[in-house]
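Dock chain Y against chain P, hints included.
So the sequences go chain by chain: P and Y. Just so you know, the first sequence maps onto residues 1 to 939 in the numbering used here. Just so you know, the second sequence maps onto residues 1 to 939 in the numbering used here.
Where hints are given, some of them may not hold.
A pair holds if it fits inside one copy or across any two, identical chains being indistinguishable in the list.
What the hints assert, rightly or not - 27 Å max Cα-Cα, derived BS3-like pairs, lysine-lysine: (1) LYS938 to LYS891; (2) LYS887 to LYS876; (3) LYS891 to LYS876; (4) LYS93 to LYS889.
None of these hints come from the bench; they were simulated from the model.
Number of protein chains: 2
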Amino acid sequence: MPTKVRSKSKPKPKKNPPPKSLSSNGVHSKKSSSAKPRYIYYFGDGKADGTAEMKNLLGGKGANLAEMTNIGLPVPPGFTITTEVCTYYYDNKHTYPKNLFEKDIPAAMARLEKSVGKKFGDPKNPLLVSVRSGARASMPGMMDTILNLGLNDETVEGLATLTNNPRFAWDCYRRFVQMYGDVVLGLKPANKKDIDPFEAIIEAKKHQRGVEHDTDLTTDDLKDLVSQFKRAIKERAGKEFPTNPFEQLRGAISAVFDSWNNERAIVYRRLNNIPASWGTACNIQAMAFGNLGESSGTGVAFTRDPATGENVFYGEYLMNAQGEDVVAGIRTPLKISELQKQNPAIYAQLEKIRKTLEKHFRDMMDIEFTIENGKLYMLQCRVGKRTGFAAIKIALDMKDERLISEKEALLRIEPEQLNQLLRPVFDANEKKEAIAKGRFMAKGLNAGPGAASGKVYFNAVDAEAASQRGERVILVRIETSPEDIRGMQAADGILTARGGMTSHAALVARQIGKVCVAGCGDLEIHYDQSAMTVRGKSFRIKEGDFISIDGTTGEVFEGEIKTKDSEVLQVLLKKTLKPEQSEIYQMYARVMQWADKYRKLKLRTNADQPDQAQTALLFGAEGIGLCRSEHMFFIEDRIDRVRQMILANTEEERRAALKEILPYQRVDYYNIFKAMNGFPVTIRLLDPPLHEFLPKEPRAQSLLAEKLHKTVEEIAERVESLQELNPMLGFRGCRLGILYPEITEMQVRAIMEAACNAAKDGIKVFPEIMIPLVADVKELQHQAEIIRTVSENVFAEKGRRVAYLIGTMIEVPRAALLSSEIAPVADFYSFGTNDLTQMTLGLSRDDSNRFLPAYLEKDIYPRDPFEAIDRAGVGKLMKIASEEGRKVKPKLKLGICGEHGGETSSVEFCHQLGFDYVSCSPFRVPIARLAAARAALKS
Amino acid sequence: MPTKVRSKSKPKPKKNPPPKSLSSNGVHSKKSSSAKPRYIYYFGDGKADGTAEMKNLLGGKGANLAEMTNIGLPVPPGFTITTEVCTYYYDNKHTYPKNLFEKDIPAAMARLEKSVGKKFGDPKNPLLVSVRSGARASMPGMMDTILNLGLNDETVEGLATLTNNPRFAWDCYRRFVQMYGDVVLGLKPANKKDIDPFEAIIEAKKHQRGVEHDTDLTTDDLKDLVSQFKRAIKERAGKEFPTNPFEQLRGAISAVFDSWNNERAIVYRRLNNIPASWGTACNIQAMAFGNLGESSGTGVAFTRDPATGENVFYGEYLMNAQGEDVVAGIRTPLKISELQKQNPAIYAQLEKIRKTLEKHFRDMMDIEFTIENGKLYMLQCRVGKRTGFAAIKIALDMKDERLISEKEALLRIEPEQLNQLLRPVFDANEKKEAIAKGRFMAKGLNAGPGAASGKVYFNAVDAEAASQRGERVILVRIETSPEDIRGMQAADGILTARGGMTSHAALVARQIGKVCVAGCGDLEIHYDQSAMTVRGKSFRIKEGDFISIDGTTGEVFEGEIKTKDSEVLQVLLKKTLKPEQSEIYQMYARVMQWADKYRKLKLRTNADQPDQAQTALLFGAEGIGLCRSEHMFFIEDRIDRVRQMILANTEEERRAALKEILPYQRVDYYNIFKAMNGFPVTIRLLDPPLHEFLPKEPRAQSLLAEKLHKTVEEIAERVESLQELNPMLGFRGCRLGILYPEITEMQVRAIMEAACNAAKDGIKVFPEIMIPLVADVKELQHQAEIIRTVSENVFAEKGRRVAYLIGTMIEVPRAALLSSEIAPVADFYSFGTNDLTQMTLGLSRDDSNRFLPAYLEKDIYPRDPFEAIDRAGVGKLMKIASEEGRKVKPKLKLGICGEHGGETSSVEFCHQLGFDYVSCSPFRVPIARLAAARAALKS
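Same shape as in the complex, but just chain P (with noise of 0.2 Å):
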């Protein structure tokens, strides 16, 4: 029954009849009609039913067991349950394909007990599995495990006897009930404060041993532990602790399964974008034991450093222990290279896995492994997270290993890694200065590069609430666990007191890319106090205080540092790097040079000034796709002559403060074609509602009056009057020209005096005037009209011709629908994706903060529409516009310019439909450069 499955929203079904239409979850709508499928995959003896292909059916983990075990390594045998079985148990009601538990298993399990020469349930010779998640992408932690499964109170007296350690047996024992207590059987705390029932009687237990570690527990004790925790479990759960080993394991499955669907996991596959419909796989493997004595031992490594992308053998173990224990950050392990010195054969032969598999997999991996009284065993591996920046130089080392070519580098690399390349850092001097004063507080792991400053808070719903309210965060946990990550995406930056570089903290800060330094020993958190200390030192820093961090080098500092501009900026702007100083800029400029030689889009950036144009040319932009001319009617002067304009009562009147605006904006698009020399400038006509630009405070509006020498009432009802109840929807685009012709006549006569103006110095200019809100081809045709007629008199009066070209965003519905009456009108689309998702899905992306975080959830929106292009309902209107426009047209130029346009996913669906290229913010185009080269790659 799914006992673990949180979600709030979905009513449990009692009684009803199974719906006439409706699938039961439409997510999971794969049926497995036809033949049989297989539902078991067995690994072991040096030989394995699957391979590493074939991760969407067994799973990651499933399928590199599989892989290891075909390629030689030493793997402890055991069986995947597919994903379909998942799949078919979430399209069914939480129940099983027929055969499954009677024939199915039974069958792979006795192929089990005959390979390790065990027998499940056996008293004397008990088979021990573990039962684990293992889902196509990697979710680490997210999902549940049970390990030991198969003891009892009779198996474990035979453990005892096998291994002659009665100890060892009445701790796995005690490990097992909690385990199967906690996952299987729901008495996990619902909450963080909540205390764990089975670490309280544990606790308990010590303090009436007077012991302080568990190690220090007696066999007699354990056993103790393990009644009163199958007391707990009765009087809790409702329900005796399973005997029989075959009901464990189905227990265990059902819980592997549910898990699935817990709050974390659901999160984790919405920040990671993974559909709810893969479902997990479930591998069942005979257990190995790291904690059979001191020559037994677990770990979990690196082949390169995850952190820096070094060449070197990476990672932790410890020994006489299992392997959550590494993971978990509870006890602090040793570096692999310790190893070495403590048993160089093992050693020896991890060193030579470590080459086998990077080898075969063509990637850098993340392993774990146990050793069990002297022997390796390898339990897992997959390809190893890394920080972007460890990700580029892994794929430039690999391609100059020729280990994989130039093109497969550039797919390696996730274009949002390329962030951590840009990502600020300290001020060198303000860092001094900090050091100077006393101001280093410790130094931990350098776990997520780059520099954050920020307000301390000590738990997750604190610091994403401050978030929220605006302010940057940094959050600090003793360590962390699966119920922190949204407080993490939350941060501006995290810190951990525990765990190593493979912690949850530094393993999730990675992956999402966020600055991060991890285990950093020295601090001393005080969650009851909200506040921290450091070791030896007499700093003392409560909930709210400034720290500063850098992930690049693990140093913690007291109050706030100044952060500046990466290196790779520092050498752009040729200020105080040079390139061959600078190995990141070196790394940056090869991969930026490869995606170039590959990419078909060509790329533009969002620029209003010139200063933001520059910066965008610094990172490879080729135009300006969007100038929103309007942005410089905020700067002074201006704003007064604007609000001059918008409040006249007739047109004599606006014409004469929309002469007193042409100058300014004849001087902006100059220097923003001056800026821009060589390359296509595309400007778009006057767009936000007129109130925008009208002060709302009535000390503001009386001032203004006084400048205008109306009264304060005027300018009170007339902004009054102009407020709207949709503005997303009202009077604004080129609504306003339609209406105020001379405002478009102004806006053009400065564009293109400024266009003339500026050939005659020599500049090459290529304007692009964009008509925003378009839903009729007959609006467009009334601006071009006004925009022909005036160029032509500017042309006349200065004596010279500019080429230039218009066209119109696609922002409206209606206009995607009409493309093909808009298209012989217009020389380019310019698709505003921002708006055209506002209408296009009846979302304002003002007001959905109430609700779209809890559709994403519920996994309505496999993604926020916002952040990447919704290609079911949006990208229908692009493909409708782009197709039919250029059927009519086949030379129109098609762009985009809503913030999609930096957004990897989305650059990738502008790709497919063949547009001319993409524009976005000055800091997304070397991401939105990489973005293009992948998506051609792919192609």
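For chain Y alone, coordinates are given in the frame of chain P:
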């Protein structure tokens, strides 16, 4: 040159080269390509080049002049320049096809000269012609006309000699110069308040000569007027009055084409949905003179009574007058029956022609004739405008007379005309009392049926403004003119002092369906005092005072009189009238009976209360298509519970409040089911944003705070926090039910409990639950799951099942685009075309008043998209949704519940898309029934 294009928006292009990708006027895009088209169609001597079928090419007037010639009626010869020339003129910067003026027109004039035995410009025997516009659809008085063309200082003498009537000749010349100066040379005053320069000269002359009437002026006076007129033209227009008749002709033809785009023509086209692309033809016809003395005259007539539809010859004439004198309403004409006494032969000839025309055209015709020296000439015939009442009566009568079939009869009745049968009438007792109290003021002509009561305004501008303020308005004018059309449209009723049943006021009122009393001769209207008095009585009505007019009887009353239900409704409600007592009801019933025979669409109504449902049933509704369940929330006791629910801080609090709302909703639904016994009821779940239910006023907020035991600050803060920037695209519709499933649960429980209770009481219930604002199938699935679960629970509790449907509004563009995904989950779609229009066009209905009227005037949208479905944009989405939905679910039920559901052309569109039903407000049901039948007959 286009001297008369008034549209301010259109910048005159100066010297600019032909735009590259833009036709200069997208409206006139038809190109006269291949073979040279024929531009001139001659008629005369019993034979014509054209026929009545060629209205698109020759305009209505030209086609019917040809037809009348062909069927042997006495028509002065002439020729028609086709509408294609007008199209060419606008497509080619106001130029004409090659050879038109060089060859084609001279050739036609030569033929005309031969036919009448006179010569154009011959000083001895001059041919004079009229130049008249004539579009495909009648646009009475909207465009320009020039009479007596061909006169100059020489030919006037010839005319004098020829007619032996110098005064007549000079009067003709005076009229011609005046008309030409007005129409061709643009001396017409810009607005009604300015004085006409020619009228000023005449007034001065009369004053100088001490006479009262124009007719008292001598030949010499007229000669002096002509020379004064010419001087005025020279001074004001800066050019000489042209003496060359061919030059006159060219000027007059251009003026006719230019008048196609004058402001009043544009407004008229918009009101009557006539596309700007049609253009007008131009008719040149030999003059027949009705002002040649007492044996001459002119008249207009209808073959039946256009107000009542009675089968009697109905018209007016004036002896010794030109045609315009009758229509302009300056002299009050005589009834046509008088002609029988005055000239029995001519009357008999006209009676015969009346019969011939009705038999030939199979419709009621509107004719113009002139008697020149005792000889009858037919100048025009066209299908006669009529009141809705007359249209219905004529259609029914002609069916009985076997002139037309039942189907044709239905096609003769515009659905909107039914409105006139359903229009309110004065309460008989109130009216009696008004008479008893001496409030009866005067009686005029019953020009537009129905009763109206409102405040008096004496000019169109003020009337329009008052109407926009929400006042009921009676527009009172001495006579109306085309400039008044917007004021007439805005008014509830129109009252004029002069003019007959064929005056401008009467004509327009009939066409746009306004209550109108015309030619109320006892009224003395004093524009200068903004007041009116009644001849011989002591009434004095000032601007803003109430009057009441009865357009069915022609009566005018002081003050307000309550209106009451139409006869149809009185019969339907079984109130005061029995069916056999009301001819109106019988007509209504017959039309409805025929309509129901042919229509394919089912008819539903939008009703939130049982009484509305009842009314709709009487009007023929076959179900409820939209029951806005939240409309019942506002009823007294409930609103506080609703507010408590909205202000709840926890789910528990919310559930507690919902529990108290449940019984109210259950009763509401029960009563609706009871009213609609046997018919389906579509209930939409909660849709509006929650803040709509909260009080905005501080006082109301503090009252609420008291009731709910909360602080005012808390309430105010909550109201504030629920405000949205774009509520149309905000937290509403199914988004509410998804975030607060308990609301959906309560509503569904109430619906299903009510349904079960009703079924138990023997009522046949068919609930159809509708989810609003769906944009993704997962939203629908989420809500559908709740609906099914709750329903099953209720059925189990009640021990009774009720069949029900689950469907969705299609009102978000994305839902239409993703129809193939949504349809499998929906039993029905109901198109919410109000919101679909807002989102597809990016057009907030509440905010569009600042620019939408201008858009309609500029013909950017052919019709108000909130009135008639925008087929190009919204219609395309509806088509996609319908087709793709039916593809995956052929039996998907389709309907519409937007306000378009009661609008004729939208109903037709729904029929074309294969909808199952349309739903509209109760009073629109009969109109939609007829519209549905006509749509079926047309397809």
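Hint check results:
1. LYS938 to LYS891: within (24 Å within a copy, 41 Å between copies)
2. LYS887 to LYS876: both (16 Å within a copy, 18 Å between copies)
3. LYS891 to LYS876: Both, since 21 Å and 25 Å are each at most 27 Å.
4. LYS93 to LYS889: between (52 Å within a copy, 25 Å between copies)
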